[in-house]
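Number of protein chains: 2
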Amino acid sequence: MNKKVLVTGCAGFIGSNLVDELLLRNYKVLGIDNFSTGRIEFITNALKNDKFQFHKKDLLIDETSHLFKEVEVVFHLSANADVRNGINQTYKDIQQNTIVTHKVLENMRTNGCSEIVFSSTGSIYGDSRQFPTPEDTNFPIQTSLYGASKLACEGIIQAYCEGFKFKSWIFRFVSILGERYTHGHLYDFYKQLLENPKQLTILGNGKQQKSYLYVKDCINAIMMALDKSADQINIYNLGTDEFSEVNNSIRLIKDFLGIKPILNYTGGIKGWIGDNPKIYLDTKKIKELGWKPQLNINESINKTLNYFHSNKWLFKKHE
Amino acid sequence: MNKKVLVTGCAGFIGSNLVDELLLRNYKVLGIDNFSTGRIEFITNALKNDKFQFHKKDLLIDETSHLFKEVEVVFHLSANADVRNGINQTYKDIQQNTIVTHKVLENMRTNGCSEIVFSSTGSIYGDSRQFPTPEDTNFPIQTSLYGASKLACEGIIQAYCEGFKFKSWIFRFVSILGERYTHGHLYDFYKQLLENPKQLTILGNGKQQKSYLYVKDCINAIMMALDKSADQINIYNLGTDEFSEVNNSIRLIKDFLGIKPILNYTGGIKGWIGDNPKIYLDTKKIKELGWKPQLNINESINKTLNYFHSNKWLFKKHE
Numbered sequence: 003m004n005k006k007v008l009v010t011g012c013a014g015f016i017g018s019n020l021v022d023e024l025l026l027r028n029y030k031v032l033g034i035d036n037f038s039t040g041r042i043e044f045i046t047n048a049l050k051n052d053k054f055q056f057h058k059k060d061l062l063i064d065e066t067s068h069l070f071k072e073v074e075v076v077f078h079l080s081a082n083a084d085v086r087n088g089i090n091q092t093y094k095d096i097q098q099n100t101i102v103t104h105k106v107l108e109n110m111r112t113n114g115c116s117e118i119v120f121s122s123t124g125s126i127y128g129d130s131r132q133f134p135t136p137e138d139t140n141f142p143i144q145t146s147l148y149g150a151s152k153l154a155c156e157g158i159i160q161a162y163c164e165g166f167k168f169k170s171w172i173f174r175f176v177s178i179l180g181e182r183y184t185h186g187h188l189y190d191f192y193k194q195l196l197e198n199p200k201q202l203t204i205l206g207n208g209k210q211q212k213s214y215l216y217v218k219d220c221i222n223a224i225m226m227a228l229d230k231s232a233d234q235i236n237i238y239n240l241g242t243d244e245f246s247e248v249n250n251s252i253r254l255i256k257d258f259l260g261i262k263p264i265l266n267y268t269g270g271i272k273g274w275i276g277d278n279p280k281i282y283l284d285t286k287k288i289k290e291l292g293w294k295p296q297l298n299i300n301e302s303i304n305k306t307l308n309y310f311h312s313n314k315w316l317f318k319k320h321e
Numbered sequence: 003m004n005k006k007v008l009v010t011g012c013a014g015f016i017g018s019n020l021v022d023e024l025l026l027r028n029y030k031v032l033g034i035d036n037f038s039t040g041r042i043e044f045i046t047n048a049l050k051n052d053k054f055q056f057h058k059k060d061l062l063i064d065e066t067s068h069l070f071k072e073v074e075v076v077f078h079l080s081a082n083a084d085v086r087n088g089i090n091q092t093y094k095d096i097q098q099n100t101i102v103t104h105k106v107l108e109n110m111r112t113n114g115c116s117e118i119v120f121s122s123t124g125s126i127y128g129d130s131r132q133f134p135t136p137e138d139t140n141f142p143i144q145t146s147l148y149g150a151s152k153l154a155c156e157g158i159i160q161a162y163c164e165g166f167k168f169k170s171w172i173f174r175f176v177s178i179l180g181e182r183y184t185h186g187h188l189y190d191f192y193k194q195l196l197e198n199p200k201q202l203t204i205l206g207n208g209k210q211q212k213s214y215l216y217v218k219d220c221i222n223a224i225m226m227a228l229d230k231s232a233d234q235i236n237i238y239n240l241g242t243d244e245f246s247e248v249n250n251s252i253r254l255i256k257d258f259l260g261i262k263p264i265l266n267y268t269g270g271i272k273g274w275i276g277d278n279p280k281i282y283l284d285t286k287k288i289k290e291l292g293w294k295p296q297l298n299i300n301e302s303i304n305k306t307l308n309y310f311h312s313n314k315w316l317f318k319k320h321e
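The listed protein sequences correspond, in order, to chains A and B. The first sequence begins at 3 in the numbering used here and counts up one residue at a time. The second sequence begins at 3 in the numbering used here and counts up one residue at a time.
Mixed in with the good hints there might be a few duds.
For identical chains, the list gives no copy identity; a pair is met inside one copy or between any two copies.
Calculated lysine-lysine pairs in the DSSO-like style (CA-CA distance at most 27 Å, straight line) [claimed, not checked]:
| # | residue 1 | residue 2 |
| --- | --- | --- |
| 1 | K5 | K71 |
| 2 | K294 | K319 |
| 3 | K230 | K167 |
| 4 | K272 | K169 |
| 5 | K230 | K280 |
| 6 | K94 | K105 |
| 7 | K319 | K30 |
| 8 | K286 | K209 |
| 9 | K167 | K280 |
| 10 | K167 | K209 |
| 11 | K167 | K272 |
| 12 | K230 | K289 |
| 13 | K262 | K167 |
| 14 | K94 | K167 |
| 15 | K314 | K6 |
| 16 | K6 | K280 |
| 17 | K280 | K218 |
| 18 | K262 | K218 |
Calculated directly from the structure, the hints in this document are not laboratory data.
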């Protein structure tokens, strides 16, 4: 019999790619999404598959405990991923990330499900002093409510591992790129240039150094860690062994579109309040399992730009 | 004009001692407590002082924003401090610690108050690999919902510092002892022996190595850090440069009471699920400000036992 798994945020960027992979691997997949940022278009194929069962639910508000019955692994990917807006929406990260994660854990505990895969973030390292940043770097200081809310999730998950013998796989992602990417600097830049190819506004000085990973490499890493690492708490950085300036992304977009917009920098080393101007994670631990990314950063960016080019509907207002 | 400060958990063990010190220093003190573990007896003297204003409120449920008006510093000490019970009450730590702290921060932000003193815990280091444990030790793994909930508070406070230019003083306490101590192993042992001096049950093997600090030393450290350290985020371990076995506490209690009970150990290196069998914090950072504790661990234990002896009412059922 096929394993039954549950994916929260199943219609999101990473969630929907994960659902496709899980269905390929013959899992029975129960997906939950509230379409706050997820898109029905991303699960069109999955919905045709008998092994996929979808529930439109809001994990914060709706009663969802019954959906966790007989589930063996929960892939908890639903989140507010809008890092920049924490200072305007001071409840959202705590509610959508921390409180929802706690609810998911309670749903699991009360239904006897004890294996959780969790999408955390490199943002929890704050303004790290160590590059590349390993998983056991110095106790970090948070710079955003997003990072703080994910740190809280990690801690609560770990407490469930100790208290209730859960097993967890916690992945600290760099920015993920690729098919169905709909949130982040590349999306913002592309959208701006679709509307006006002559001007581009860049938050900060464009010299922020960030790291990126192709979504399919990300999902392969998750599946490999799940197969190969069997500690009670498994924490992995996921990224590439590179970082790239925001200005590099701009160069690639300009080349891709064949345009030369005027670049307006808002200035400062941080793109926004709470931004971490350098993110570069040490990925030795996941690579020791035999994983390596197939695409480098520039290839991931170009893959994403090609996807945008074929999917201009993404830039229409999401309803 | 005297500075107006607010103390949450003002009728608790540490909170009430802090209130007394703040009043001595001529602050105007607004205190909030819901008497969940706080005791009216602990603020009897404070209530006679014109500069003390008390409000019985539940920070989780009641509307308290108006109480933060014109407050300059918030000492946020209210918490669920019952580490052991997280596995039975899986919502309590998240609600009473994490969510309440977030509410306190929002109350501050919306009232223009931006200085917070926060009582965190050495428990957030989990099962540390480094002793004595410095503030910037390796990224810890949580072992209890209590620790996880306090870690979450720290992260959220730090995010408010970055996002809203708050200033914070975060203190990671060892176990605090002294007058008005009403929660922890000494209290439990003394209570057992009052009921039956012939038997004592000890959780674990008695060899847990913990660190303790006298409450007045704790409060002096807080006041000194507040005076002398002016970073945006100030994190300090508070403890003594010692640790002590649980068996040492038992020896001191036996001597104090002049009894020889039969000792029944429940066994195992951990006293309970999620217990950290060794807590020993590096206090170099706070000592560099000129602070040093007046009492060592054995003196703190004896001080506490003397307090128990004169205050047997503490062991009657709290209503």
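Results for each hint:
{"no.": "1", "hint": "K5 - K71", "verdict": "within (13 Å within a copy, 55 Å between copies)"}
{"no.": "2", "hint": "K294 - K319", "verdict": "neither (36 Å within a copy, 61 Å between copies)"}
{"no.": "3", "hint": "K230 - K167", "verdict": "within (19 Å within a copy, 44 Å between copies)"}
{"no.": "4", "hint": "K272 - K169", "verdict": "between (37 Å within a copy, 20 Å between copies)"}
{"no.": "5", "hint": "K230 - K280", "verdict": "neither (30 Å within a copy, 31 Å between copies)"}
{"no.": "6", "hint": "K94 - K105", "verdict": "both (15 Å within a copy, 13 Å between copies)"}
{"no.": "7", "hint": "K319 - K30", "verdict": "neither (33 Å within a copy, 53 Å between copies)"}
{"no.": "8", "hint": "K286 - K209", "verdict": "within (26 Å within a copy, 37 Å between copies)"}
{"no.": "9", "hint": "K167 - K280", "verdict": "between (36 Å within a copy, 21 Å between copies)"}
{"no.": "10", "hint": "K167 - K209", "verdict": "between (44 Å within a copy, 24 Å between copies)"}
{"no.": "11", "hint": "K167 - K272", "verdict": "between (41 Å within a copy, 15 Å between copies)"}
{"no.": "12", "hint": "K230 - K289", "verdict": "within (12 Å within a copy, 46 Å between copies)"}
{"no.": "13", "hint": "K262 - K167", "verdict": "neither (56 Å within a copy, 38 Å between copies)"}
{"no.": "14", "hint": "K94 - K167", "verdict": "between (30 Å within a copy, 20 Å between copies)"}
{"no.": "15", "hint": "K314 - K6", "verdict": "neither (35 Å within a copy, 57 Å between copies)"}
{"no.": "16", "hint": "K6 - K280", "verdict": "neither (39 Å within a copy, 40 Å between copies)"}
{"no.": "17", "hint": "K280 - K218", "verdict": "within (23 Å within a copy, 43 Å between copies)"}
{"no.": "18", "hint": "K262 - K218", "verdict": "neither (31 Å within a copy, 66 Å between copies)"}
When each numbered hint is compared with the structure, violations occur for hints 2, 5, 7, 13, 15, 16 and 18.
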